[in-house]
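Visitor: Listed here are the chains, written in short residue letters.
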Amino acid sequence: DQQVKQNSPSLSVQEGRISILNCDYTNSMFDYFLWYKKYPAEGPTFLISISSIKDKNEDGRFTVFLNKSAKHLSLHIVPSQPGDSAVYFCAASRAAGNKLTFGGGTRVLVKP
Amino acid sequence: EPEVTQTPSHQVTQMGQEVILRCVPISNHLYFYWYRQILGQKVEFLVSFYNNEISEKSEIFDDQFSVERPDGSNFTLKIRSTKLEDSAMYFCASSEALQGVGQPQHFGDGTRLSIL
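Protein sequences, first through last, are from chains A and B.
Numbering of the first sequence is given in the numbering used here, commencing with residue 1 and proceeding in unit increments.
Numbering of the second sequence is given in the numbering used here, commencing with residue 1001 and proceeding in unit increments.
Some hints could be false.
A short list of chain B residues far from chain A (calculated; beta carbon distances all over 12 Å) [to be verified]:
#1 Gln-1011
#2 Gly-1072
#3 Ser-1073
#4 Leu-1084
#5 Ser-1087
#6 Met-1089
#7 Gln-1103
#8 Gln-1105
#9 His-1106
#10 Ile-1115
Capping the alpha-carbon separation at 25 Å, the derived lysine to aspartate or glutamate pairs in DMTMM-like fashion look like this [claimed, not checked]:
#11 Lys-37(A) to Glu-1068(B)
#12 Lys-54(A) to Glu-42(A)
#13 Lys-56(A) to Glu-1096(B)
#14 Lys-38(A) to Asp-1109(B)
#15 Lys-1042(B) to Glu-42(A)
#16 Lys-5(A) to Glu-1059(B)
Pulled from the structure, derived: some chain B residues nowhere near chain A, Cβ distances all over 12 Å [claimed, not checked]:
#17 Glu-1003
#18 Val-1012
#19 Gln-1017
#20 Ser-1027
#21 Gln-1037
#22 Gly-1040
#23 Val-1043
#24 Ser-1055
#25 Ser-1058
#26 Asn-1074
#27 Lys-1083
What the hints contain is simulated information worked out from the structure, not anything from laboratory work.
C-beta atoms are modelled at their ideal positions from N, C-alpha and C, and glycine is treated no differently.
The shape of chain B in the complex, shown without the other chains (with noise of 0.2 Å):
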């Protein structure tokens, strides 16, 4: 069965580094999402990206945030300057189509960011 794909798995870096997490989405699957859950928290909303822009952001998503399909297979998100507080574990997800119609999202094993 086709997954979505995250690359690293652990990510360690030190405050204020940039950052840069890999997903590869489903092949045919056409939107693309960032979620994150901090240790002990709900999994939380970052944003939405269909046909190479940005569809909604959370609150969280600021300037510090970035995301990117640089190519036909990987999708990217970007954190500029690192702070404690990113420290997380991130998800990719992917679906065919708005949850309208009936399509679910479908995630990633995730990246644990950890800051230091």
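Isolated chain A (complex conformation) (with noise of 0.2 Å):
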């Protein structure tokens, strides 16, 4: 199921710097976006999330932005620290229906 793409498997950033990970989905029927950040040996814990009819969500040092047209979402963390370090998951849905489609995670290691 290739609907939704993390296309970089890993990122490296320094503390204190912005991590910037990218998301693009195909199925122009998703019109709700979240963002989910995995430990290991846990589950995924909810980041942030963003309806289409927005362009970007702020909570704290995380912002969402999402470009409807290019099919793209992306995540900054501003900024960044080592506890972030992490798996980073995006997935959709479509409203009218309830179940989440994954991408395939970026992994995210923060430097101090």
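Put the two chains together into one complex, using the hints given.
Guide: Below, the structure written as structure tokens:
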């Protein structure tokens, strides 16, 4: 299932700098998008979401941008902290349905 | 903060045996889900459940799988006759409402199922 893709399997960033994670989707019926963070041996933890009627949503250090014409979303983490080191998944769903379709994840390493 | 709890954390079962994975969703949530992640692959949707019935299921969720909410708090996934390819991490999730009204799904820490 390639409907949601995260093309960068890993990202390394210096503490205090910006982390930018990207996600592309192909299904134009998706209208709700989420980012989850996952530590080893734990389940995905919800971070931030955005609906298709918006192009930006911000929550503290986390901002999600949505470009519907490009079918692309990104997650910005500013400033990055060592505790942000984890795997980040983007996920998408249709308003009328409720299943999440996940990307393959991006492993982020924040170096002190 | 309320959380979804799953038991056991690790289940080892012989091929052909039945297995039941258990979940306690967040108490005021109405929608319940099972996902799985085979090692090295994406998290994939199995089934969603609302108002005591399945609302959506994937093609993975065949006749070997069933879900049940036996009481007011538990939500279970049963695999009737396990196969080697059922080995995966199984995640339970719950949400207050459908995604269309902006309520995210919250996940448990998963049950690692190993079929021998």
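Visitor: Determine for every hint whether it applies to the structure shown.
Guide: Status of the hints after comparison with the structure:
1. For Gln-1011(B), the requirement that its beta carbon stay farther than 12 Å from each beta carbon of chain A is met, with the minimum near 15 Å.
2. Non-interface call for Gly-1072(B) relative to chain A: holds, since the shortest CB-CB distance, roughly 21 Å, exceeds 12 Å.
3. Ser-1073(B), annotated as away from the interface, keeps every beta carbon of chain A farther than 12 Å; the closest lies near 18 Å.
4. A cut-off of 12 Å between C-beta atoms confirms that Leu-1084(B) is not in contact with chain A; the least separation is 22 Å.
5. Listed as outside the interface, Ser-1087(B) is consistent with that label: its C-beta sits roughly 17 Å from the nearest C-beta of chain A, beyond the 12 Å cut-off.
6. At roughly 9 Å, the least C-beta separation between Met-1089(B) and chain A is not larger than 12 Å, which violates its mark as non-interface.
7. Not every beta carbon of chain A lies more than 12 Å from that of Gln-1103(B), the smallest distance being close to 9 Å; the non-interface claim is violated.
8. Interface exclusion of Gln-1105(B) from chain A breaks down, the closest Cβ pair being 6 Å apart, not more than 12 Å.
9. For His-1106(B), the requirement that its beta carbon stay farther than 12 Å from each beta carbon of chain A is not met, with the minimum near 6 Å.
10. The Cβ of Ile-1115(B) sits about 20 Å from the closest Cβ of chain A, beyond the 12 Å cut-off, so the non-interface label holds.
11. With a C-alpha separation of about 28 Å, the suggested pairing of Lys-37(A) with Glu-1068(B) is violated against the 25 Å cut-off.
12. For the hint pairing Lys-54(A) with Glu-42(A), the CA-to-CA distance comes to about 30 Å; that exceeds 25 Å, so the pair is violated.
13. A hinted pair counts as satisfied when its Cα atoms are at most 25 Å apart, and Lys-56(A) with Glu-1096(B) qualifies at roughly 23 Å.
14. About 10 Å separates the Cα atoms of Lys-38(A) and Asp-1109(B), which keeps this hinted pair within 25 Å; it holds.
15. Taking the CA atoms of Lys-1042(B) and Glu-42(A), the gap is about 15 Å. The hint holds against a cut of 25 Å.
16. A distance of roughly 21 Å separates the Cα atoms of Lys-5(A) and Glu-1059(B); the hinted pair therefore holds under the 25 Å criterion.
17. Here Glu-1003(B) does not stay apart from chain A, with its beta-carbon only about 9 Å from theirs, under the 12 Å limit.
18. Annotated as non-interface, Val-1012(B) keeps its C-beta farther than 12 Å from every C-beta of chain A; the closest such distance is 17 Å.
19. Under the 12 Å C-beta cut-off, the non-interface status given to Gln-1017(B) relative to chain A holds; the minimum distance is some 25 Å.
20. Every CB of chain A lies more than 12 Å from the CB of Ser-1027(B), the least distance being 17 Å, so the non-interface label holds.
21. Residue placement check: Gln-1037(B) does not keep its beta carbon more than 12 Å from all beta carbons of chain A (closest about 9 Å).
22. A beta-carbon of chain A comes within 12 Å of the beta-carbon of Gly-1040(B); the shortest separation is about 10 Å.
23. Val-1043(B), annotated as away from the interface, has a beta carbon of chain A within 12 Å; the closest lies near 4 Å.
24. Distance check on Ser-1055(B): its Cβ comes as close as 7 Å (rounded) to a Cβ of chain A, failing to clear the 12 Å threshold; non-interface status is violated.
25. The claim that Ser-1058(B) is not at the interface with chain A is violated, since a C-beta of that chain comes within 12 Å of its own (minimum 7 Å).
26. With a cut of 12 Å on Cβ distances, Asn-1074(B) stays outside the contact zone with chain A, its closest approach being about 17 Å.
27. Against the 12 Å criterion, Lys-1083(B) stays outside the reach of chain A, whose nearest CB is about 20 Å from its own CB.
When the structure is compared with the earlier hints, violations turn up for hints 6, 7, 8, 9, 11, 12, 17, 21, 22, 23, 24 and 25 and for no others.
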